[in-house]
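A.B. asks: Residue-level listing of the chains:
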Amino acid sequence: MEELEAFRRETRTWLEENCPDSERQPALPDDQYWGGRDAAFPSEGARVWFERMRDKHWIAPEWPSAYGGGGLSPEQAHVLKQELKRIRARPPLCSLGLWMLGPALLEFGSEEQKLEHLPSIVRGEIRWCQGYSEPGSGSDLASVQTRAEDRGDHFLVNGSKIWTTGADKADCIFCLVRTDPGAKKQEGISFLLIDMASDGVSATPIELISGESEFCQTFFDDVLVPKSNLVGEINKGWSIAKALLVHERKLIAEMGTESPRKQITPTAAAREYLPFSDGRIADAHLRAALVDYEMLLQAIALTHMRCYEEKSTGTQSAAPLIMKYVGTELEKAKSELLLAIMGSKGLGWEGEGFSQIELDTLRIWAFSKTLTIAGGTSEIQLNVLAKRVLGLPQS
Amino acid sequence: MEELEAFRRETRTWLEENCPDSERQPALPDDQYWGGRDAAFPSEGARVWFERMRDKHWIAPEWPSAYGGGGLSPEQAHVLKQELKRIRARPPLCSLGLWMLGPALLEFGSEEQKLEHLPSIVRGEIRWCQGYSEPGSGSDLASVQTRAEDRGDHFLVNGSKIWTTGADKADCIFCLVRTDPGAKKQEGISFLLIDMASDGVSATPIELISGESEFCQTFFDDVLVPKSNLVGEINKGWSIAKALLVHERKLIAEMGTESPRKQITPTAAAREYLPFSDGRIADAHLRAALVDYEMLLQAIALTHMRCYEEKSTGTQSAAPLIMKYVGTELEKAKSELLLAIMGSKGLGWEGEGFSQIELDTLRIWAFSKTLTIAGGTSEIQLNVLAKRVLGLPQS
Amino acid sequence: MALVLNEEQRLLRDTAREFLTKNAPVAELRRLRDNCDEIGYSPSLWQEMVALGWAGIPVQEAFGGLDFGYLGLGVVLEETGRTLTPSPLFATLVLGASAIQLGGNESQKERLLPAIVAGELTLALALEEHNHHNPTGFSTSLRKENGQYLLNGSKCFVLDGHSADQCLVVARNDSGCTQSADAVCLVLVPRETDGVQCDRTLMADSRNAANLTFQNVVIEDGWIIGEGSEGQTLLEAVLDRGRVALCAEMLGLAREAFERTVDYLKERTQFGVKIGSFQALQHRAAIMLTELELCQSVVLQALTAVDEDSDQLPAMASLAKAKMNELVQTVTNEAVQMHGGIGVTDELDIGLFLKRARVCMQVLGDSGYHKDRYARLCGY
Amino acid sequence: MALVLNEEQRLLRDTAREFLTKNAPVAELRRLRDNCDEIGYSPSLWQEMVALGWAGIPVQEAFGGLDFGYLGLGVVLEETGRTLTPSPLFATLVLGASAIQLGGNESQKERLLPAIVAGELTLALALEEHNHHNPTGFSTSLRKENGQYLLNGSKCFVLDGHSADQCLVVARNDSGCTQSADAVCLVLVPRETDGVQCDRTLMADSRNAANLTFQNVVIEDGWIIGEGSEGQTLLEAVLDRGRVALCAEMLGLAREAFERTVDYLKERTQFGVKIGSFQALQHRAAIMLTELELCQSVVLQALTAVDEDSDQLPAMASLAKAKMNELVQTVTNEAVQMHGGIGVTDELDIGLFLKRARVCMQVLGDSGYHKDRYARLCGY
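Residue numbers (my numbering), protein chains in the order written: chain A, 1108 to 1502; chain B, 1108 to 1502; chain C, 294 to 673; chain D, 294 to 673.
No lab work stands behind these hints, which were simulated from the structure alone. Check before you lean on any hint, since a few could be wrong.
[To be verified] EDC-like, lysine to aspartate or glutamate: derived pairs with alpha carbons at most 16 Å apart:
| hint | chain 1 | residue 1 | chain 2 | residue 2 |
| --- | --- | --- | --- | --- |
| 1 | A | Lys1494 | D | Asp556 |
| 2 | A | Lys1418 | A | Asp1260 |
| 3 | B | Lys1494 | C | Asp556 |
| 4 | A | Lys1494 | D | Glu552 |
| 5 | A | Lys1439 | C | Glu627 |
| 6 | D | Lys567 | B | Glu1214 |
| 7 | B | Lys1343 | B | Glu1214 |
| 8 | B | Lys1494 | C | Glu552 |
| 9 | A | Lys1334 | A | Asp1247 |
| 10 | A | Lys1188 | A | Glu1169 |
| 11 | B | Lys1494 | C | Glu560 |
| 12 | C | Lys567 | A | Asp1247 |
| 13 | B | Lys1439 | D | Glu627 |
| 14 | A | Lys1494 | D | Asp642 |
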């Protein structure tokens, strides 16, 4: 414990000295640095912060040093996370390579693949995107139709992927492809890395109801992929995908309550947009809705804490498995509540007559509808709880 | 139309003259006359009212005169119903024979059966009960296990029925029995009439969570039943059962909002049990719950009216099919609301310290839980809506 | 027989559906939105509607209308809810014409109503001054100075405020009367009058509203409607017509979003089966069906209450608006969720229903407003 | 580490579960009910609980207790919630002992606490005077007349009021002080005192409460707890402990009813399959599971807040009670519905959970009370 406290002190000092003031506040989408071949830093502060953290090897603090990681113990990594949170430091690098592909390669990749890809992720040189879903596959991720035919020294890939976040800006994609069309659904799938610069790859943004286009549809038309880009065994990609899904849901659950945009809280909105009388919100209906929301928020926050304590003490419970469902449903409820509180002020789409916060509130509301669909729909979450936790029979 | 108005005038006059004042108010369970071999009238008023209506042939106003009915046209019968409602007249006879078996015999029975059973129903001489469910069958009514073996000149019946309302007081039971154990589930069922006085028949009351026992379990142990008691064709009983189920749900839906017990309304309870301030219920939570309830009540009442208007004009809609579900769910919500309004006063089980209305409220609350289970659970209702109205595929 | 459409009303509904499906499908709203249309609706479409007689449905025959009542108007609005068709029907015909019919003097009626019926005049009602509906909390005032009426104040969330020929401005009449709640009047102000400033706002539903300010606007004699002591009563009567009519539109919106969703449940395959075979989705759909049926009865009764000039209108209007607010919220949310990934793309129309629903929920009172009002009307 | 049980607490839970399952299963409540038991709990069982040390769990060691805190008491109460076991734990130990610990003077503590720990003294808190929880709206008063304290008033819904040796009566201290809200005190009254009338009431949960009236009851010196200006603060502190402890019991009740229901879903066959395979039921069960997990965190945190003497206790207590009220209502209703026909028979235990839940929902504040209080504590 004493060593850990020493590490905490050192970390705190280092962060105080090295994290620029501009990087100590929530990052709006435009403030984020995602790296990549053509990347530019959004600001000088972002550049300084990234480079210092990179040189400190704290971009991936828990990865082994051999691959560019910081080699910290889980306890040290947790202390670092706490200290970063304490000063509200922005992530120096946003990266699906860091969050998703890296962990998969560490578990399933060959030594060559680790050495080839992990350091470039950590240095922010290559930006990755993820290709799981396909048009029509929806929740049924194993219904992969994108074909990768064995052509001796390479695979020939044809098909398309959807919901490929940032595919129009990414350098590479990790995706599921069907390598044995004759096998049972989940048995003929492989996990393949593809360079987006290859001939035959293209990505088209999809416009969402929020007006944004952070997702793409990505097309593969006779794309040649070297065999060395296969991760794990051929036709065994589904087990990697499953492990990554579990990892992703945990990530979503953890990030659930942190919105990347500057968003007003419902309580603050109530103070600004609702009349009070006798120290209370005058509108009983909205006051009740706000209490319900705040109580749920508090209950979820406490359950996050409990999950952490359980993890630290090696206690098992069903709590971690509910977080994706409750967290995303809460975010939707929050947005609906904000609209209700703001009234006509929360209905502006763009242009004059509305503040930026008001316009953002509506856009975030529209975007919130994706949360219970992406990364495993709420229905899938409930199915999983019914079967895995409650042990109810397959329907 | 003119004839109908004349009929209305006559009816009104006759009712004014013949319906005793004591019978012009809602009937508590103890005020109801159910007929039967050993029946006694609950009051002199009930006797007079029943006998006058019987002699007027208005116990079953729409049944043909040949079977003891009134032979009225549907329009006339509706006028009579309206006029009875106008003076809040009690039903002169409560009878499953009248409500359930009669319509089934009229549609499926032989001429002999009609002549044998319908007049005795109309005269209140025979009290019937219904034997559909069996222990373990639940919503799956077609899973009939009670056997009726063909023994040449009679059937030999063995098995048991559950939820047989009033079986301990009934003279006869109409029930579903399995006559072909080898056939597919719904194909080996027959519709049989059994005299409860037969050797081997016994009925045991089931105590409910409300403390009442209006249901029984009924046992058949080597009971001999004459073949003439088979209604419709052998092994074709399921079609009779289905028709009766539809009929029963309509009855339940119609009766849904009329409780047999004197029950305080939530609005009246609020005035009595909740503090007001500035002309409003001071407790915002309960006020909101009351509004929600009253709005739903109003919406359901209007939909009842719409169903009636649609029926009169021959218009088809989904509305009639939702009434069982919404009506019974509303009754449950009403009871929960009453408990919430009454607070600790609504928690008395028996004895001193509580008014009769308070004690009744709790018992009715407990009983209300049966409403969404009996006569087709809410889940079955929703299945039916999903399949029949929305045309969604079988799950 | 007010809860079932009669033959004429059914005919009108069929005509309306055919006309709108052909001439104003949802794609037409999309076109207006993508072209950042100046007006926000199609004037030529409006003229076709006028030619069909729609602008005269609730107007008395004496002024060129069809006197076909709100049940008649309701069936048309329900259909425009299905196609999300923007038009002056709501602002001009429901809010504007009813104010004039109920509160105007004979000369105002003769001047304005035939023009509305002929499609030559569009109106907008300027009521709100805050972010929540409030028919009593406004400070825009009309006062007399040197023998002239002057209007001062500012209004927001004025539907069609940017395009209407004239605005009906709700103001407190401070020209001599007492400052009682009854001293409310509606002032007719041509949009181009000196001292009127109009700022269009782009809303979530791709329709338009406007913020208006009035600075010493000189009001001509004859521009004031409902002068005297009945102003608040008149205003509530107009607003209740607006609420009920909007509910008819919302019912159409809900039915359409629901039916599209049920169709999708029947055609979409996941895990080798139609997703409509999943019982959890079936039950959610069935429960929505029950709510839709209940709301249909409520909306029909509320429209009838207008036609019968029932004293139950305020309660029925609040019942209808509270229930429809909740229904469109539930149905559009479920529609998006049940469509899954495609449901959150702009490519699918469902998102347009979702956004229109949120605007409707705020127009003329949210759920809390109408639940509170219903309770007050019930005496608790 | 307050949201995970430690080794000692887990051991206590296992012991409690084993003891209660063996000695006080639900059948024991049924027996008490069917015999119309005079006391409503089993005194011999209570003595066994005392022998296990339970009556000393939250009491300081100086007075013979274990000083094991509310997290410790919570695990025992959670288990009594699973078995629906009536005992003096709540009225005597939670409400009574905490009032004395927090508000008693040294001589009162020395006299009363060891007696409680030893199972020789049972208490009841007499607070309510109306049908809804109200810790400020009472008129029972203590006044001084001819040098004597006299207690007058009447109380209802006094849990264990019919069986407790002494009652702690919440009264307004009118003996000279001002009539401010702070002049609240708790008066210890032996049940057999002259002028005390006790009418037992039979409740839905087959436990007992009582209505008490006090007519010129002479109060001895030394019977008054929390005299002076801190009475209301003391009362709220006692009530918050009561709310939190009751929530622990309710959590056990909810878990047990839920688990029995899930077991039933796995074993019951309909239409040839287990009903637990129906997706609509699966989703409803899964949603209940999420609520149970959330509530577990909330209750653990609330118990911790007592042990840490946190100033967040009032908010945590209201959060916990509001959420537990809703949870037990939902879970017991769903338990009955999912059990179908058998669920509404008295033969099955589920109905007993249903009824106990309704009583718990009213004790020390319903959902509306605690939501309002939470909002006030949050400043809106």
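A.B. asks: Straight-line Cα separation of lysine 1334 of chain A and aspartate 1247 of chain A no greater than 16 Å?
C.D. replies: violated (27 Å)
A.B. asks: Compare the distance between the alpha carbons of lysine 1494 of chain B and aspartate 556 of chain C with 16 Å, and conclude whether the hinted pair is satisfied.
C.D. replies: At roughly 13 Å apart (the allowed maximum being 16 Å), aspartate 556 of chain C and lysine 1494 of chain B satisfy the hint.
A.B. asks: Taken at face value, is the distance from the CA of glutamate 1169 of chain A to the CA of lysine 1188 of chain A at most 16 Å?
C.D. replies: holds (11 Å)
A.B. asks: With a cut-off of 16 Å on the C-alpha distance, tell me whether lysine 1439 of chain B and glutamate 627 of chain D pass.
C.D. replies: With Cα atoms ~12 Å apart, lysine 1439 of chain B and glutamate 627 of chain D stay inside 16 Å; holds.
A.B. asks: Run the distance test for lysine 1418 of chain A versus aspartate 1260 of chain A: straight-line Cα separation, threshold 16 Å.
C.D. replies: Violated: lysine 1418 of chain A and aspartate 1260 of chain A sit about 45 Å apart, past 16 Å.
A.B. asks: Are lysine 1343 of chain B and glutamate 1214 of chain B close enough, with their CA atoms no more than 16 Å apart?
C.D. replies: Measuring from Cα to Cα gives roughly 14 Å; hence the hint holds.
A.B. asks: For a C-alpha distance cap of 16 Å, please report whether lysine 567 of chain D and glutamate 1214 of chain B respect it.
C.D. replies: violated (36 Å)
A.B. asks: Would the hint linking lysine 1494 of chain B and glutamate 552 of chain C be met if the CA-CA limit is 16 Å?
C.D. replies: holds (14 Å)
A.B. asks: Holds or violated: lysine 567 of chain C with aspartate 1247 of chain A, Cα cutoff 16 Å?
C.D. replies: Holds. Lysine 567 of chain C to aspartate 1247 of chain A sits at ~12 Å (cutoff 16 Å).
A.B. asks: Would the hint linking lysine 1494 of chain A and aspartate 642 of chain D be met if the CA-CA limit is 16 Å?
C.D. replies: The given pair, whose Cα atoms are some 26 Å apart, is violated under the 16 Å limit.
A.B. asks: Below or equal to 16 Å on CA atoms is what counts here, so check lysine 1494 of chain A against glutamate 552 of chain D.
C.D. replies: Cα-Cα ~14 Å, so holds.
A.B. asks: For lysine 1494 of chain A and aspartate 556 of chain D, compute the direct alpha-carbon distance and say whether it is at most 16 Å.
C.D. replies: holds (13 Å)
This entry does not satisfy hints 2, 6, 9 and 14, going by the numbered hints stated previously.
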